[in-house]
Amino acid sequence: MRSIFHLLIFLLIEGQAFSQELTPPKELKAFDAPYDSGNVLYLTWKGMPYDSEKVDYIVYISESEEGPFFEIGRFKSNTHFKADKNWPAWAWKRTTEYHYFEISSFIKEGKEIPLENGKTYFLKLLVTDGIKQVKSNVVSAFPKGNLFNLLKLNNLIYMIIFSVIILWFIARAKKRELFLRKIPALEAIEEAIGRSTEMGRPIYFLTGRLGMSSVSTIASTIILGEVAKKVATYGTEIKVPHTDPIVMSVCQEITKQAYISAGRPDAYREDSNFFITEDQFSYTAAVDGLMVREKPAACFYMGYYYAESLLLSEVGASIGAIQIAGTDAEHQLPFFVTTCDYTLIGEELYAASAYLSKNPVLMGTLRGQDVGKGFLMGAVFIGTGLATLGTITGAMQIVSFVLDWFKGF
Amino acid sequence: MLFLKRYLPLVICGFTGVVFGIQYYVPHKASEDLLTFINDWMIIIFGFSMILALASLFHVHYQKIRRRQSGWGFSLIVFIAIIVTVIIGIISQGETVDEKGLTSFGWIYTNMLVPLSGTMFSILAFFIASAAFRAFRARTLDAFLLLFAAIIIMFGRVPAGEYLWSKIWGAEFPLQMGDITEWIMGVLNMAARRGILLGVALGAIATSLKIIFGIERAYLGEKE
Chain A
5 MRSIFHLLIF LLIEGQAFSQ ELTPPKELKA FDAPYDSGNV LYLTWKGMPY DSEKVDYIVY
65 ISESEEGPFF EIGRFKSNTH FKADKNWPAW AWKRTTEYHY FEISSFIKEG KEIPLENGKT
125 YFLKLLVTDG IKQVKSNVVS AFPKGNLFNL LKLNNLIYMI IFSVIILWFI ARAKKRELFL
185 RKIPALEAIE EAIGRSTEMG RPIYFLTGRL GMSSVSTIAS TIILGEVAKK VATYGTEIKV
245 PHTDPIVMSV CQEITKQAYI SAGRPDAYRE DSNFFITEDQ FSYTAAVDGL MVREKPAACF
305 YMGYYYAESL LLSEVGASIG AIQIAGTDAE HQLPFFVTTC DYTLIGEELY AASAYLSKNP
365 VLMGTLRGQD VGKGFLMGAV FIGTGLATLG TITGAMQIVS FVLDWFKGF
Chain B
4 MLFLKRYLPL VICGFTGVVF GIQYYVPHKA SEDLLTFIND WMIIIFGFSM ILALASLFHV
64 HYQKIRRRQS GWGFSLIVFI AIIVTVIIGI ISQGETVDEK GLTSFGWIYT NMLVPLSGTM
124 FSILAFFIAS AAFRAFRART LDAFLLLFAA IIIMFGRVPA GEYLWSKIWG AEFPLQMGDI
184 TEWIMGVLNM AARRGILLGV ALGAIATSLK IIFGIERAYL GEKE
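Those sequence lines, one after another, are chains A and B.
Position in the first sequence counted from 1, then plus 4, gives you the working numbering.
Position in the second sequence counted from 1, then plus 3, gives you the working numbering.
Simulated from the structure, these hints should not be mistaken for lab results.
If you're wondering where the values come from, they're calculated on a predicted model, not measured in any experiment.
Every residue, glycine too, gets a C-beta built ideally from N, C-alpha and C.
Possibly wrong hints are sitting among the right ones.
Restricting the straight-line Cα-Cα distance to at most 27 Å, the calculated cross-link-like pairs of lysine-lysine (DSSO-like) are [unchecked claim]:
hint : chain 1 : residue 1 : chain 2 : residue 2
1    : B       : LYS32     : A       : LYS115
2    : B       : LYS32     : A       : LYS156
3    : A       : LYS30     : A       : LYS115
4    : A       : LYS411    : B       : LYS32
5    : B       : LYS32     : A       : LYS86
6    : B       : LYS32     : A       : LYS89
Here are the computed distance ranges between Cβ atoms for each label pair [claimed, not checked]:
hint : chain 1 : residue 1 : chain 2 : residue 2 : range
7    : B       : ARG160    : A       : THR392    : 29 to 39 Å
8    : A       : LYS89     : B       : PHE61     : 42 to 52 Å
9    : B       : VAL22     : A       : VAL375    : 25 to 35 Å
10   : B       : GLN72     : A       : PHE379    : 25 to 35 Å
11   : A       : GLY71     : B       : THR113    : 32 to 42 Å
12   : A       : ILE161    : B       : TRP75     : 53 to 63 Å
13   : B       : MET193    : A       : ILE386    : 18 to 28 Å
14   : A       : PHE35     : B       : VAL117    : 47 to 57 Å
15   : B       : TRP75     : A       : GLU274    : 13 to 23 Å
16   : B       : GLU35     : A       : ILE161    : 18 to 28 Å
17   : B       : GLY181    : A       : ASN90     : 25 to 35 Å
18   : B       : TRP44     : A       : SER286    : 40 to 50 Å
Turn these sequences into a full structure, and let the hints guide you.
Have a look at this one:
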């Protein structure tokens, strides 16, 4: 009985050893990396029964089928699964059944050579447990550029949906008047300009630290147009110190047009918009100096700001100016809220154009934004619920398919 | 003339807006090359726009000196600083460091510009203190909550706060000062920040669409 038992154990161990015999990897495939500009290759193969800590995979590459082959990677056979790649489910099958290896360059004669677009490369795999070695067949592929990044599919869908919603509300706004809540910071513009006129002091308008490619700078130039129009009507002085020459040129044109549309082209001064410097703290020091010397009655800080936000607005507060700020730089908002009389928080900066012009078409976009916010709120609730459910039930893989649609890749 | 001034900028803006909107989704090399090409052109245009900037700078400061306006002496310093820096920059061939160490141009940068910028930045600490003093006067419930949260955060971020907490409640107490601070920053503060950021993102998209489709034209100096 005992000898039979020993025989069974022996057969079991031998059987297991037999099943772990090194064999060439199955379903070895080389292909162009999807969704890139065309300089990466992927190598995939099926996970094998011998995959363990003790068995290594070594990947080789060559520029010709005959070789020479260069080693480009060596790793444990229980690593590098397709499941490791954090790509969405619609673009990549995340599974532990297949291995994958990414190749973007190789070392040849001591030099790192990046893969060339359109050139065919030959790849092979070697399996070793330190004693035995098994080679795979040679596979080939060439990197090429892709025409669509499938990883951004959700982004594209949301962009299209959101654009359609906004355009629909614009069309609707032409027919029906929309309600717009009061924004105190924008209501106070008139008050600030009136105060400056009464005190006979200038108004300072700053457009932020970024260039014309920033949406917040564009929003600030639009507000400048409305402010300049009122300034021209009241007959007071506006000064716009700049840190970017392109923004300065745009603002010069906007200010000029504002004066013309207010019927005061004679009052327009070419040097109302002037350049100071590109350097952050030199600009701040210069504007602070101007404020202290000229004591403006009103200061507007619109656009994107960095550390200079408090340096500017605190000086403005110290000279007793009425201050209105508007920024989408959320890390600078506390400083503006603390030191300014009124602050446009985040999206209010973008809403200013519609609010000030009372143009129904522009107001339509605000309703579109509200619908977008409703959608995002819904997504947050659903996402939170699903993530919780996935963690409790352990079905995270299924849940992550839905959650992927709300992620950025 | 009307076409050049009014319609052409709108056409260019709309066309480039749509092209680069699509470019974002196309990873092909041609698409990347197009982006690089345009970025290069933007750098070139920015370089030329510096001529406008210098013209504006010289004009404003020259007028100040000519009219002897208040602070005209500073304008004189601007001219002297520009001329001296340009001459030294040419002599140093635009290099800040050579084989001997710092060049004269590098010396100006390291020993004048950097300390001056550092001074401006360090003033921020005093301004934060004065702004905080104003903000934290507990006159309303909101201000009181702000003050309360700020005190907890400040205590949680300094070793003295941790020390005092452990002295009062003991080191084994399950809730430490650092945990409360992290919760306020990571949950309450982060939730508010993300709310603002989501609104900003939607606002930016809506503004971009308005500009691309020519609905928003105020940035061209036009009435809508």
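Outcome of the hint check:
Under the criterion of a C-alpha separation no larger than 27 Å, the hint pairing LYS32 (chain B) with LYS115 (chain A) is consistent with the structure, at around 24 Å. Taking the CA atoms of LYS32 (chain B) and LYS156 (chain A), the gap is near 17 Å; set against the 27 Å cutoff, the hint holds. With a CA separation close to 32 Å, the supplied pair LYS30 (chain A) and LYS115 (chain A) exceeds the 27 Å bound. About 25 Å separates the Cα atoms of LYS411 (chain A) and LYS32 (chain B), which keeps this hinted pair within 27 Å; it holds.
Note on LYS32 (chain B) and LYS86 (chain A): the hinted pairing holds, with a Cα-Cα distance of about 26 Å set against a maximum of 27 Å. For the proposed pair LYS32 (chain B) and LYS89 (chain A), the alpha carbon gap of about 23 Å is at most 27 Å, so the pair holds. Checking the proposed 29 to 39 Å range against ARG160 (chain B) and THR392 (chain A) shows it holds: the Cβ atoms sit about 31 Å from each other. Taking the beta carbon of each, LYS89 (chain A) and PHE61 (chain B) are about 57 Å apart, not inside 42 to 52 Å as hinted.
Evaluation of the 25 to 35 Å hint for VAL22 (chain B) and VAL375 (chain A) yields a pass: the beta carbon distance comes to about 27 Å. About 55 Å separates the C-beta atoms of GLN72 (chain B) and PHE379 (chain A), a value inconsistent with the hinted range of 25 to 35 Å. Taken as a hint, the range 32 to 42 Å is violated for the pair GLY71 (chain A) and THR113 (chain B), whose Cβ atoms sit roughly 54 Å apart. At about 60 Å, the CB distance of ILE161 (chain A) to TRP75 (chain B) agrees with the hint of 53 to 63 Å.
A C-beta distance of roughly 20 Å is found between MET193 (chain B) and ILE386 (chain A), which places it inside the suggested range of 18 to 28 Å. At about 52 Å, the CB distance of PHE35 (chain A) to VAL117 (chain B) agrees with the hint of 47 to 57 Å. Distance hint check: the CB atoms of TRP75 (chain B) and GLU274 (chain A) are about 19 Å apart, consistent with the given range 13 to 23 Å. Taking 18 to 28 Å as the suggested C-beta distance range, the pair GLU35 (chain B) and ILE161 (chain A) conforms, at roughly 23 Å.
At about 30 Å, the beta-carbon gap between GLY181 (chain B) and ASN90 (chain A) stays in the expected band of 25 to 35 Å. Against the hinted window of 40 to 50 Å, the Cβ-Cβ separation of TRP44 (chain B) and SER286 (chain A) comes to about 27 Å, which falls outside the hint.
Hint check: violations occur at hints 3, 8, 10, 11, 18; the rest are consistent with the structure.
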